[in-house]
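*Asks:* Okay, here's what each chain looks like letter by letter:
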Amino acid sequence: MIELFEHTFMQYALLGGLLISIAAGIIGTLVVIQRRVFIAGGIAHSAYGGVGIAYFLGASPILGALFFSLGAGLFMGFIERRSRQRVDTIIGVMWALGMAIGILFIDLTKGYVVDLMSFLFGSIVAISPFDIALIVFVDLFVVFLVAVLYKDILAYSFDPEFSELMDRKSKVLLYIMMVLMSLAVVVMIRLVGVILVIALLTIPASIAEQFVQKLKPLMIVSILLSVLFITVGLVLSYYLNVTAGALIVLIAGAFYLFSLLLRQVIKTRSA
Amino acid sequence: MNTSPLIAAENLTVQFNGIPVLSDVSFAVQKGDFFAIIGPNGGGKTVLLKTLLGFISPSSGSVRYDGTDLSARTVREMEIGYVPQSIHFDNRFPITAFEVVLMGRLRERTLGKRYRIDDRKIAQEVLDEVNINEETARKSFSSLSGGQRQRVLIARALASKPQILFLDEPTASVDPSSNEAINALFSKLNKAGKTLVLVTHDIGAISRYISKVGCLNRKLFFHDDSTVTPDMVKKAYGCDIDLVSHGVPHRVLDNSKHARHD
Chain A
1 MIELFEHTFM
11 QYALLGGLLI
21 SIAAGIIGTL
31 VVIQRRVFIA
41 GGIAHSAYGG
51 VGIAYFLGAS
61 PILGALFFSL
71 GAGLFMGFIE
81 RRSRQRVDTI
91 IGVMWALGMA
101 IGILFIDLTK
111 GYVVDLMSFL
121 FGSIVAISPF
131 DIALIVFVDL
141 FVVFLVAVLY
151 KDILAYSFDP
161 EFSELMDRKS
171 KVLLYIMMVL
181 MSLAVVVMIR
191 LVGVILVIAL
201 LTIPASIAEQ
211 FVQKLKPLMI
221 VSILLSVLFI
231 TVGLVLSYYL
241 NVTAGALIVL
251 IAGAFYLFSL
261 LLRQVIKTRS
271 A
Chain B
272 MNTSPLIAAE
282 NLTVQFNGIP
292 VLSDVSFAVQ
302 KGDFFAIIGP
312 NGGGKTVLLK
322 TLLGFISPSS
332 GSVRYDGTDL
342 SARTVREMEI
352 GYVPQSIHFD
362 NRFPITAFEV
372 VLMGRLRERT
382 LGKRYRIDDR
392 KIAQEVLDEV
402 NINEETARKS
412 FSSLSGGQRQ
422 RVLIARALAS
432 KPQILFLDEP
442 TASVDPSSNE
452 AINALFSKLN
462 KAGKTLVLVT
472 HDIGAISRYI
482 SKVGCLNRKL
492 FFHDDSTVTP
502 DMVKKAYGCD
512 IDLVSHGVPH
522 RVLDNSKHAR
532 HD
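Quick mapping for you: the protein sequence lines, in order, are chains A and B.
Quick note on numbering: the first sequence equals residues 1 to 271 in this note's numbering.
Quick note on numbering: the second sequence equals residues 272 to 533 in this note's numbering.
Among the hints, a few may not be true.
[As the list claims (entries may be wrong)] To spell it out: a stretch of chain B is covered by chain A in this simulated footprint if at least three of its residues, at any positions, have a beta carbon under 8 Å from a beta carbon of chain A; those stretches are:
{"id": "1", "segment": "354-367"}
{"id": "2", "segment": "381-387"}
[What the hints assert, rightly or not] Calculated lysine-lysine pairs in the DSSO-like style (CA-CA distance at most 27 Å, straight line):
{"id": "3", "chain 1": "B", "residue 1": "K384", "chain 2": "A", "residue 2": "K169"}
{"id": "4", "chain 1": "A", "residue 1": "K171", "chain 2": "A", "residue 2": "K214"}
{"id": "5", "chain 1": "A", "residue 1": "K169", "chain 2": "B", "residue 2": "K459"}
{"id": "6", "chain 1": "B", "residue 1": "K410", "chain 2": "B", "residue 2": "K384"}
{"id": "7", "chain 1": "A", "residue 1": "K267", "chain 2": "B", "residue 2": "K410"}
{"id": "8", "chain 1": "A", "residue 1": "K214", "chain 2": "B", "residue 2": "K483"}
{"id": "9", "chain 1": "A", "residue 1": "K171", "chain 2": "B", "residue 2": "K432"}
{"id": "10", "chain 1": "B", "residue 1": "K302", "chain 2": "B", "residue 2": "K490"}
{"id": "11", "chain 1": "B", "residue 1": "K432", "chain 2": "B", "residue 2": "K392"}
{"id": "12", "chain 1": "B", "residue 1": "K432", "chain 2": "B", "residue 2": "K410"}
{"id": "13", "chain 1": "B", "residue 1": "K483", "chain 2": "B", "residue 2": "K462"}
{"id": "14", "chain 1": "A", "residue 1": "K216", "chain 2": "B", "residue 2": "K384"}
{"id": "15", "chain 1": "B", "residue 1": "K462", "chain 2": "A", "residue 2": "K169"}
{"id": "16", "chain 1": "B", "residue 1": "K483", "chain 2": "B", "residue 2": "K321"}
{"id": "17", "chain 1": "B", "residue 1": "K432", "chain 2": "A", "residue 2": "K169"}
{"id": "18", "chain 1": "B", "residue 1": "K392", "chain 2": "A", "residue 2": "K216"}
{"id": "19", "chain 1": "A", "residue 1": "K214", "chain 2": "B", "residue 2": "K392"}
{"id": "20", "chain 1": "B", "residue 1": "K321", "chain 2": "B", "residue 2": "K302"}
{"id": "21", "chain 1": "B", "residue 1": "K432", "chain 2": "B", "residue 2": "K384"}
{"id": "22", "chain 1": "B", "residue 1": "K302", "chain 2": "A", "residue 2": "K214"}
{"id": "23", "chain 1": "B", "residue 1": "K410", "chain 2": "A", "residue 2": "K216"}
{"id": "24", "chain 1": "A", "residue 1": "K171", "chain 2": "B", "residue 2": "K384"}
{"id": "25", "chain 1": "A", "residue 1": "K171", "chain 2": "B", "residue 2": "K321"}
[What the hints assert, rightly or not] Under 7 Å between C-beta atoms, here's a sample of chain B residues computed to sit facing chain A:
{"id": "26", "residue": "F326"}
{"id": "27", "residue": "S330"}
{"id": "28", "residue": "M374"}
{"id": "29", "residue": "L377"}
{"id": "30", "residue": "R378"}
Everything labelled a hint here was simulated from the structure, so no lab data went into it.
No residue lacks a Cβ here, since even glycine has one placed at the ideal position from N, Cα and C.
Full structure from sequences and hints, please.
*Replies:* So, in structure tokens, the structure goes:
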């Protein structure tokens, strides 16, 4: 197992996985408690539109994804504020529209066959030093903002109306949340791909919330679970020679089912 | 001297998808009033409160505080407290009762500022007032009983040291003994000069303390004292209800009319 990490690509993959757990655990917890899983999915999928346009223009695909997901996230935040009723429909439309734009622009890009699979399912073993730097930047940004605004985020997530009645400025938290989600989603796409981002964002927090009832410990447990899933998934995928992102999510999913079972056992015992 | 009422609603109409939920609602609340709005479920009581608080914009009509429109900054900065219905909260949200009460201090500790020791002291004081002990306050909000949650939400509103307090069914799931204590607390606040606006479908025990009452069922049937006439109730509920058998003490009733009604 030691010789496994003599490969530089595995070192990068593991380092990237550990670092991304920080943003994924914190933002994932917020996504789960705010019930914004569907919005996170919408942001992830509309990012593909940015990837397609970036290829077409010969620009960096990750930059394209960043612009698209930020735009989509802020727009969804705006829609959510405006009309509470049709938000899910609009998210669903953007979800599909983003993918469609991406596919069309990649078709139009001459002489360039992009590996769609790596975008859909991630390529953690292809992580570069640039990706690592980007993840570190996003981690620092997320940790800093969430630490500074912790009490406000907790209050706003619990009861946005009351928060706004007390402090009118607190409505910016919705947009801050959307920006943080978009950033986390973009760096996670590199790792597990667009399809599996939602799983890695929500499964650790969903497991943790069954056993932990305070926000800060919930974030920490989510980070640790994410580290566990990524590490185990990465190592196993090397030996089994399968896609790491998919295996990571499969392991996370298995743990989730196990946690539901465990929770049921605890409940019946204490009852 | 300022002659504008503290809160004035003028011809408020609120529509959802073209269906009127409130139509042409007007009333005035003076400083120090204890205004109760009764009415059937689905009659628009919560919508009216949310419109008064600015969470819902009316399709026509206006809400003024001290003569100034609700949208003005000065109104937003007024000391308004709010107790929403406790049933609307997520059953698993990771927050303790104490953390919920601290939210009442957000007007002082705005975005990015930390709570201070003073805020914790105030939170402790208001929790004492609603009879929630320290041990319960450390528990997760979602693990509390309906009545405890309700009292925590009342404590949260009190922690904001409001001059005007809006209450949405504040004693709905509270047990009878706490109910009386909470009503007495409201009365004490009112006597100390605070203005209270309360909506409820069960006027019951609170009726002794109120100074104004209106019946709401899309339209507001309102006149300027604390008397509920069978006529108002009939209009609001669309049928005759024997108020006495529903536990309303005789004092709130217009006895002469009620006698005729009998």
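*Asks:* With reference to the structure, classify each hint as holding or not holding.
*Replies:* Cross-check of the supplied hints:
no.: 1; hint: 354-367; verdict: holds (count 8)
no.: 2; hint: 381-387; verdict: holds (count 5)
no.: 3; hint: B:K384 with A:K169; verdict: holds (12 Å)
no.: 4; hint: A:K171 with A:K214; verdict: holds (23 Å)
no.: 5; hint: A:K169 with B:K459; verdict: violated (32 Å)
no.: 6; hint: B:K410 with B:K384; verdict: holds (24 Å)
no.: 7; hint: A:K267 with B:K410; verdict: holds (18 Å)
no.: 8; hint: A:K214 with B:K483; verdict: violated (42 Å)
no.: 9; hint: A:K171 with B:K432; verdict: holds (22 Å)
no.: 10; hint: B:K302 with B:K490; verdict: holds (24 Å)
no.: 11; hint: B:K432 with B:K392; verdict: holds (13 Å)
no.: 12; hint: B:K432 with B:K410; verdict: holds (24 Å)
no.: 13; hint: B:K483 with B:K462; verdict: holds (14 Å)
no.: 14; hint: A:K216 with B:K384; verdict: holds (18 Å)
no.: 15; hint: B:K462 with A:K169; verdict: violated (33 Å)
no.: 16; hint: B:K483 with B:K321; verdict: holds (20 Å)
no.: 17; hint: B:K432 with A:K169; verdict: holds (20 Å)
no.: 18; hint: B:K392 with A:K216; verdict: holds (22 Å)
no.: 19; hint: A:K214 with B:K392; verdict: holds (21 Å)
no.: 20; hint: B:K321 with B:K302; verdict: holds (20 Å)
no.: 21; hint: B:K432 with B:K384; verdict: holds (19 Å)
no.: 22; hint: B:K302 with A:K214; verdict: violated (40 Å)
no.: 23; hint: B:K410 with A:K216; verdict: holds (15 Å)
no.: 24; hint: A:K171 with B:K384; verdict: holds (16 Å)
no.: 25; hint: A:K171 with B:K321; verdict: holds (17 Å)
no.: 26; hint: F326; verdict: holds (5 Å)
no.: 27; hint: S330; verdict: violated (14 Å)
no.: 28; hint: M374; verdict: holds (5 Å)
no.: 29; hint: L377; verdict: holds (4 Å)
no.: 30; hint: R378; verdict: holds (4 Å)
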